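Listed here are the chains, written in short residue letters.
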Amino acid sequence: MTQAVVIDSPSARQQDDTGLAAIFSAYIISATCWLLFATFVGIVLAYKFGAPDFAPGEWLTFGRLRPIHTNDTFYGWASIALVGLAYYVAVRSCRTSFYSKKLAWIGLGLFNLAAIAGTIALDLGYNAGDLEYREWPWQVRLIFLAALVVTAWNLIGTVAQRTMEDIYLSNWYTIGGVLWTCIIAIVAILPWYQYGLGQVAVSGYYMHNAVGMWFTPLALGIFYYALPKLLSRPIYSYALGVFAFWTNLSFYPILGAHHFLFSPLPWWLQTTAIVFSVAMLVPVLGGSANFLLTMRGRFGDMRHSYPLAFIFVGVVGYLVGSTQGTVEAFRSLQEVWHLTNFTVGHSHLTMYGFVTFAIWGGIYTLLPAATGKYPSRTGLALHFWMAGVGSFIYVISLSIGGTFQGLDWIRGAPFIQSVVDMQPYYVWRGVGGLLMFLSHIVFAWNVCRMTFGRSANVIRLTPAVSDGVAE
Amino acid sequence: MHHHLVGPLIGNMIIIGVAGVITLACFVAMIWMLLRPGETGRDHPKRDILREDR
Amino acid sequence: MNKLLLIAGGSTLVYAGLALMMGVLPGITLSRTKPGPGVKPLTPIEAEGRAVFVANGCSYCHTQQVRPLAEDKVFGRPSAPGDFVYQTPELLGSERTGPDLTNIGARQPSKIWQYIHLYNPRAVVPESIMPSFSWLFEVVAKAPAGVTPVPLPAAYAPAKGVVIPSHKAQALLAYLLSLKQAPLPQAEGSAVPTSAAAALTAPAQSAASSAAQGKQLFTAKCAVCHQASGMGLPGAFPPLKGNAAVNNADPTLHIHTILHGAHGVTIGGVKYEGAMPEFGSTLSDADIAAIANYERNSWGNHGATVTAKQVADVRANGKVGESSAASPAKTAAPAKAAASDIAQGKELFTAKCAVCHQASGTGVPGAFPPLKGNAAVNNADPTLHIHTILHGAHNVTIGGVKYESPMPEFGSTLTDADIAAIANYERNSWGNHGATVTAKQVAAERAKGK
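Protein chains in written order, with my numbering: chain A, 401 to 871; chain B, 2 to 55; chain C, 16 to 465.
Keep in mind that the hints were calculated from the coordinates and are not lab data.
Given the structure is predicted, the values throughout are model-derived calculations rather than measurements.
From the three backbone atoms N, C-alpha and C, an ideal C-beta is built for every residue, glycine too.
Part of the chain A face toward chain B, derived, beta carbon under 10 Å:
no., residue
1, TYR624
2, THR671
3, ALA679
4, PRO683
Okay, chain A solo, but in the shape it has when bound:
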């Protein structure tokens, strides 16, 4: 497939390949810019916990930068990168070409327009209500919704013109994720049932679903394509992947009520939520086992293949993060952890340890296959180890600190004691966060190599036998 790089045979296929590579690269470059920006903001925020008078003033105050950090990692970085990957997977796994390249470019423009407008609005204080992950003004969220609709249309169109009978599993997850998220976005925007406590119910629904029905299915879709390609070995059980798709769809949205364990929601809603929190282990354990069994006997390959190592960390992040989510739903544990920094640790374990590592694994596996250009092994190693160690320090320090914070409250210490006790953990979080940010600079460099860099002169047969690095 890398013959595509050999220029001057302007066949239709050639044009398709360059077009796909260009769109895929543009999505990843765009996403990388947002990752750098959003995590730089994250570093500033982390620093403010130790030095609250650092970078004062209206435009840099904590409460305005914080939603910029979360929304841009969600909708700038992860969303754009996942949609770029989903397009590549759809075109390749269906052995077809884009339904519409133009729509893909329009979608990219809309995603970026939304993220830019949202960032500016938040910094100017136009926050829709401090409601987590839907802080952008509704007009901006409409732009994002338009980008989703364009993407769904284009993905479905592409899969509809596939050259084989079956639709490969990855496309189930990616198309499903985009369509469901359209519904999530609409439910969040319409105002008529969002007054007072009613809005609390919608917020719980939204926070829960925007993460678990958007990032999770798209990241899983990447796993189902990239992992077999990388190992040149089929997924362990295809049927289990299908089963996980339907169980995830049926169980996950029911659990939203576990965010309301202290509220006056009807008893049956709460009972259902708690019971199905356990049922949620089916898609989580089944899915993780499926990926790990696909890797059986080949774990040693990670020594040569950083893309595989990224995917492995992503799978472990999915397993640990999701199981932790189930455990946190139990009320006895929520008494200690709810409202503490433990939750911040949990969200980074899932959005970073799972989703972001999955994206990186996908990019390092698939982007070179599209462009024929490879990052250096040193670049991969630096990125992997700094991101891995950094996020480990980040999650562990906030989990321990958050536990102490919760215990301080329970033993009735004056509130300020919990602030003082968090200080060393805030410092460690900053250390972990700094490593993570530095790894993103290396990642950006790797993306440059994979897009603007020189093509590999060694022609590779398939990514399956590749170790994903330049020689």
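Fit chains B and C to the known structure of chain A by using the hints.
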């Protein structure tokens, strides 16, 4: 500990019963698929995907 | 194509159904919640302040939800559904990097403190990591007529000129001070509160007036203004170090100030405009004695030791300078002959009980017990029912569920006839059918004491 679990005992039992049966059935199905993945056909989609994409 | 339709269309249909059931329907139902008694819409300036609060993301660090848990008691009573009616966008929050603000208007009513704290939180709470909101203030050469400059400590004040709050800061302050939980219908100044320290510290601590406890209470309740160093803030909050009242052998003024608060006082020749809140309604005699003794033995002070009994005596004398008004028990309950009729019972129930037990009698799961189907309410022997209304209750287990939040007593504000009316209303509503209660039975129960 379960302060919030008010509501009629019988109602809770019904939900736990129904949800429990569904959960259990799903667990059994999951374990079954893990133990016997089957899918040995040479042109099963999961193998088909490994062929050259272009 | 059919396969694609099944996967894309089928899953989307399933998801749309689930989104409707778990997001939209609860939203519709709960949007119709009725306001609790005393829960009022915001005034225009308060609403403006709320917008400032939202624009600057205050709720990323400050929750506005008090959970029915022991650890949340310091922030107020558990939040009831009716509390949130005028809160759109909702600001319940998901993190408590800083304290909960549900009841901050009652917990810290001092305007001056709030302004200093907003300008730079470290001026009053050295360990605070809250951002400074100095850009909500203006530095002017001289405060215009009628505007009091914020009395900042020298270390935080600008080199030249004085600091005055901008319109946004004034609005934000108005909003913060409006954050007061609608009071539960509680007897005014009647019962001496149980030791707050009991809620604050490990349960088995008997030496309530120990110095350690005094220090802890001081840190939690007093240090934000008077500072851990006891030095106060010049011009804003008086020092306790070397303070005459604190060092006086006669502790009456010292105790009185903690019990009832103060404002517009002159100490050491300096006039302090800021109001000090009262602590009599939230702290027990032992707690107040512990705080007083801590203050009397720190920072080089050496006042005589205060006992809980002395506090009780000062409390019994009431607030000096206030005419001893008729006890609310007499004024609140006009003698009405047909007191026990159901209509009056319903009215009293709505005013006094429904905020917790709800008009539907179903209570709030985990926070306030249901009365519908409640054993005590349906029991032919009304003793427990009457006793609970008369004397309140806390930490009771009902229907296998433990309720941590205390129920206030109504014996001191309601007449026997009123209580009988409430009991009868409860006994004949929501499918309950307890035997009728008479005022005489209530009187008999009252005579027995707690």
